[in-house]
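Participant: If you count by our numbering, then the sequence shown holds residues 1 to 448, one letter each, in order.
The set of hints was computed from the structure by calculation and includes no laboratory data.
Ideal Cβ positions, reconstructed from N, Cα and C, are used throughout, including at glycine.
Heads up, some of the hints might be wrong.
As the list claims (entries may be wrong) - Now the in silico label distances, taken between C-beta atoms and shown as ranges:
(1) A76 x D96: 52 to 58 Å
(2) L231 x V58: 35 to 41 Å
(3) G367 x G293: 33 to 39 Å
(4) G269 x S21: 18 to 24 Å
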Amino acid sequence: ILNGGRLFMSNLRLINGRASSEASSTKLAHGGAVLVEGVSSSLQLHESVVLDSLAPLVHGCGGGVAAISGSSLELADCLVIGCECGGNGGGVYAQDTSSAHMSGCEVSACVAGDRGGGVLVAGATALLTAVSAVNCSARLGAGLYAFTGSAVSLHGCSAVGCVSVTNYAGIATTYARLFATDCLVADCQSGGFAGSFNAFASFVEIDNCRVERCSGSGSPGPFAYLSSTFLIRSTVFSSLFLVNNYGFWIGPSSNLTMFDCRVDGSVTGKEASLAVLGFCELFDTVFTDCSAGAAAGAIIANGPGSVLVVHRGAFRRCAAVAGGGAVFVSGGSAVFHGVAFERCTSEASGGAIWIASDGQATFEADGELPCAFVECACDTLGGAVFVQRGSIRMSEATFSRCVLRLSAGYGGGEGGAADLAGVRFEECEASSSGGGICVLSGKANLDR
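Given only the sequences and the hints, what does the whole structure look like? Please build it.
Facilitator: As structure tokens, this is what we get:
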């Protein structure tokens with residue numbers, strides 16, 4: 001569809017389409033089944049099937065459907081199945097379009113040689129409603145992809161079972177803006193980073209979504225890089241798994257803000273469900289049953305530029321082998337307002353918190369809600385909190401039934417150097433000495 005042409009099609013089956021394979025082809029290399037090109041050109045495709053179509057050239061985009069260069073695209077209640085391209089957008093590709101709308105569509109088993117196995121939007125504003133990318137694959141961004149210069153809104157969309165060879169398996173952004181509401185990312189797998197959402201020099205807003213059973217060699221949760229921002233509300237991250245890296249990764253100069261979210265059952269063979277190298281602020285967010293094979297069962301604030309601020313919320317039954325059952329602050333800073341640490345454990349030091357490498361942590365009440373450490377335990381130092389090198393300030397907090405489990409352990413409640421005011425220790429235990437506090441170096445200032 002070229003030169004201002006307009007076409008409406010309904011109840012069709014487009015099978016075995018093939019874009020040009022001539023090496024000199026430019027525009028005609030795109031769109032295995034349908035190509036829409038040029039200002040005022042438009043396609044409306046409803047209740048149709050696009051099947052087994054191909055854009056074979058390495059720069060060919062849109063294995064099923066491609067809309068480019070000022071055209072408009074509308075797909076409603078369509079199936080795009082088994083399509084493939086050598087470039088971007090294995091199923092559907094929209095670049096520099098005047099408008100791009102998809103609703104009630106499923107893009108499945110599509111493959112892109114480069115980016116966007118299911119759908120890729122570049123340089124355009126697009127609205128996708130109830131669109132699913134299922135079992136799609138690509139080198140980068142296997143499911144739904146907002147690429148350079150685009151602003152993409154997703155409502156009720158999903159990426160399920162998508163696999164990337166390198167990075168970005170589920171929903172990806174690069175130099176773009178993405179808004180996702182009521183979406184699902186499940187069973188996606190990345191060969192590198194970002195099994196679910198990623199942001200590369202991008203802004204991503206996520207509201208009322210679910211991320212389940214995503215995995216990868218690094219960061220199955222959100223991955224923010226190169227001054228990116230995540231704003232996440234009322235979203236559940238469940239059963240994330242990776243062997244040798246972090247769950248979420250918030251890089252230097254990047255930001256993560258979460259409101260009323262849950263992170264359940266995240267498992268990492270390394271450190272932390274959430275790694276903060278930039279800025280992270282959490283409101284009413286709960287981490288439950290998160291574990292790490294090294295330090296930091298839930299969060300690590302790593303490096304001098306890292307800042308973690310937590311308002312209310314809780315860490316429940318988080319565990320780490322090497323220290324800091326819930327949180328490890330290494331060189332960064334952390335502030336906790338009215339946060340509960342419940343039954344967090346470590347096989348080393350700091351059942352709930354470990355402060356190291358000149359890290360700083362402050363614990364304060366949120367109104368009448370104090371920070372609380374309940375039934376936390378470790379084997380070595382600080383059943384609840386261990387300050388190895390650095391400092392903590394704590395006011396209006398409670399330690400209840402925190403325990404050192406080994407006979408050589410010290411400090412059932414808190415270990416290291418601290419400034420404490422209005423802190424209560426109730427039934428804390430250590431097998432050797434220091435059932436409440438053990439100060440190994442530096443000093444402890446106690447007030448009230």
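Participant: A separate judgement is required for each hint: does it hold in the structure or not?
Facilitator: Here is how each hint holds up against the structure:
no. : hint                    : verdict
1   : A76 x D96: 52 to 58 Å   : violated (22 Å)
2   : L231 x V58: 35 to 41 Å  : holds (36 Å)
3   : G367 x G293: 33 to 39 Å : holds (37 Å)
4   : G269 x S21: 18 to 24 Å  : violated (45 Å)
When each numbered hint is compared with the structure, violations occur for hints 1 and 4.
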